[in-house]
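Chains A and B supply the protein sequences, listed in that same order.
Position 68 (the first sequence) corresponds to 67 in numbering that gives the first Met the number 0; numbering is contiguous.
Position 12 (the second sequence) corresponds to 11 in numbering that gives the first Met the number 0; numbering is contiguous.
Calculated from the structure, these hints are not laboratory results.
Treat the hints with care, as some may be off.
Selected chain B positions facing chain A (in silico; Cβ < 10 Å) [unchecked claim]:
{"no.": "1", "residue": "Gln-34"}
{"no.": "2", "residue": "Thr-47"}
{"no.": "3", "residue": "Glu-111"}
{"no.": "4", "residue": "Lys-116"}
{"no.": "5", "residue": "Ile-193"}
{"no.": "6", "residue": "Val-195"}
{"no.": "7", "residue": "Ala-220"}
Every residue, glycine too, gets a C-beta built ideally from N, C-alpha and C.
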Amino acid sequence: MNLTGFMQLYVFMLAAFVGYQIITRVPPLLHTPLMSATNAISAISLVGSLVVAGANRDRVSTILGVVAVTAATINMVGGFVITDRMLKMFRREPATPKVDAAAAAKPEATK
Amino acid sequence: MREIFTQVTYLVASILFILGLRSLTKPDTARRGMQYAAIGMLLAIIGTLVQHEIVRYDWIIGGLIAGTIIGIPLGTQVPMTAMPQRIAISHMFGALAATLVGIAEYWLHGAELGSAKMAAVGFEVLFGALTITGSFMAFGKLQEIITGRAVTYKGQNAVNITLFGVTLLMFGYLIVHPENAVVFYSMIALALMIGVFMVLPIGGADMPVVISLLNSYAGLASAATGFAIGNNVLIIAGALDGASGFILSIVMSKAMNRSFQNVIFGAFGAAPTVSTKTASGLSVRSISAEDAAIQLAYAKLVIIVPGYGMAVAQAQHQVRELAELIEKKGGEVKYAIHPVAGRMPGHMNVLLAEANVPYDRLYDMDEINGEFERADVALIIGANDVVNPAARNDKSSPIYGMPILNADKAQNVIVLKRSMNPGFAGIENELFYNDKTSLLFGDAKASLSKLVTEMKTV
Numbered sequence: 000m001n002l003t004g005f006m007q008l009y010v011f012m013l014a015a016f017v018g019y020q021i022i023t024r025v026p027p028l029l030h031t032p033l034m035s036a037t038n039a040i041s042a043i044s045l046v047g048s049l050v051v052a053g054a055n056r057d058r059v060s061t062i063l064g065v066v067a068v069t070a071a072t073i074n075m076v077g078g079f080v081i082t083d084r085m086l087k088m089f090r091r092e093p094a095t096p097k098v099d100a101a102a103a104a105k106p107e108a109t110k
Numbered sequence: 000m001r002e003i004f005t006q007v008t009y010l011v012a013s014i015l016f017i018l019g020l021r022s023l024t025k026p027d028t029a030r031r032g033m034q035y036a037a038i039g040m041l042l043a044i045i046g047t048l049v050q051h052e053i054v055r056y057d058w059i060i061g062g063l064i065a066g067t068i069i070g071i072p073l074g075t076q077v078p079m080t081a082m083p084q085r086i087a088i089s090h091m092f093g094a095l096a097a098t099l100v101g102i103a104e105y106w107l108h109g110a111e112l113g114s115a116k117m118a119a120v121g122f123e124v125l126f127g128a129l130t131i132t133g134s135f136m137a138f139g140k141l142q143e144i145i146t147g148r149a150v151t152y153k154g155q156n157a158v159n160i161t162l163f164g165v166t167l168l169m170f171g172y173l174i175v176h177p178e179n180a181v182v183f184y185s186m187i188a189l190a191l192m193i194g195v196f197m198v199l200p201i202g203g204a205d206m207p208v209v210i211s212l213l214n215s216y217a218g219l220a221s222a223a224t225g226f227a228i229g230n231n232v233l234i235i236a237g238a239l240d241g242a243s244g245f246i247l248s249i250v251m252s253k254a255m256n257r258s259f260q261n262v263i264f265g266a267f268g269a270a271p272t273v274s275t276k277t278a279s280g281l282s283v284r285s286i287s288a289e290d291a292a293i294q295l296a297y298a299k300l301v302i303i304v305p306g307y308g309m310a311v312a313q314a315q316h317q318v319r320e321l322a323e324l325i326e327k328k329g330g331e332v333k334y335a336i337h338p339v340a341g342r343m344p345g346h347m348n349v350l351l352a353e354a355n356v357p358y359d360r361l362y363d364m365d366e367i368n369g370e371f372e373r374a375d376v377a378l379i380i381g382a383n384d385v386v387n388p389a390a391r392n393d394k395s396s397p398i399y400g401m402p403i404l405n406a407d408k409a410q411n412v413i414v415l416k417r418s419m420n421p422g423f424a425g426i427e428n429e430l431f432y433n434d435k436t437s438l439l440f441g442d443a444k445a446s447l448s449k450l451v452t453e454m455k456t457v
């Protein structure tokens, strides 16, 4: 294995570590959006597919590349759209007048 | 110069991806963060398209357009109840892209790859291929194209382990002899078979673990693509995806009381042994919608326990309506969400959020379990195994040791249930025979609508 390979392993290791640290802090509430989000993000493999499809080396590799581009684009577009659609739904409780009154009264009471 | 531009876009994309995922730790910041991640993705694509290597654009544009046309309805049209199969199929697309890139690399370079690159390409197609078929099987089961029940046969584990062993041997051989194309393509064929056999013995209720695991594999396949073509942003995104799937698998398997090895090797889902405790001689108490409504109307605290049955009946909107009526009568409503309620991690939360239930009313198992004692009514809607006290006290039960919601500690328990059929695990639930439990039979949606009507007259 050459030096580049080792550098890549470092990148992988550190990214996996960062991922682990962040994702353990994602609440179960958002586990479904998390999964669709990581799905959309890993559609970055599109950049690899683009090179294969556009390098014009031979017919086989072009066809493989184009199918890969299509599949990855489906994930990218669909993934980000559906994640956004889900996250849009998560709303906090609208503050009811009653709660507002109580919250407003509190600081005065403590004064 | 172009090369530097490309690398800068990749770097920015990597940062935005990590920040995007970090934003998911809070519901308030999540949406904005993911929008930034999408911008990062766009930048990376532009950075790639300007590379010298890309000489033809017609095919690329065709693929991008086709993918967008298919992707948009998959994003906007799929109902939230169908989210598990939607995610399963997207794992398939992701793995397919990775595998095809791997095959193209091998096709173009073959023996010139050398051992290190061959190892990367091998990982890529191995994880990719088994994720393609595995995810497709998971999709089929969730969509009920294939039977949702576990398919088992004699010697299943032996077959799977042999298949896996042979594939690994081929992989090892390829690292030494990358020029052997027959072995390469046979390895892909075997990996495709492994995906099928791996998911075959897994029943519907175990799907959350399988989907998480396939998520992890799809991520690893992407990361391996990054190694194979020497692209760091792919390695980073793949590692993030892999880590996420891995963590979710652990969370899910813990919530189902399965060991991680059990999950990794997919050797679960075997026909559950029937519990020694059967229902014979015990009787259940059924309740009318009217009486149930009265109980709910005078309750101070109602904890709603939604399960997959609620999702199947599409009853989440009626649940919210009922909750609002209880609140109008002066009661408090909280939702208790078991980690494996539904068919994928967090599924129940999404369904309830869709029905406009504010997310601060949704409580995780650990947060809510102490409160059941204080609750006047625990209202169980289409949930079964996750409230089965046998998990706590019946050592012979297959679900013994699984963490459950302590619904049986509530003052009164009302169970909305279609019939007395046991749940997915095929286990009798002694909660239903408890003295303080009453059952309201019927379709969850119909029962809830009746409750809503009755509540209005109380």
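A quick look at each hint next to the structure:
1. Gln-34: holds, 7 Å
2. Thr-47: holds, 4 Å
3. Glu-111: Hint on Glu-111 (chain B): violated, closest Cβ of chain A at ~13 Å, above 10 Å.
4. Lys-116: holds, 8 Å
5. Ile-193: violated, 20 Å
6. Val-195: This interface hint is violated because 19 Å lies over the 10 Å limit.
7. Ala-220: holds, 8 Å
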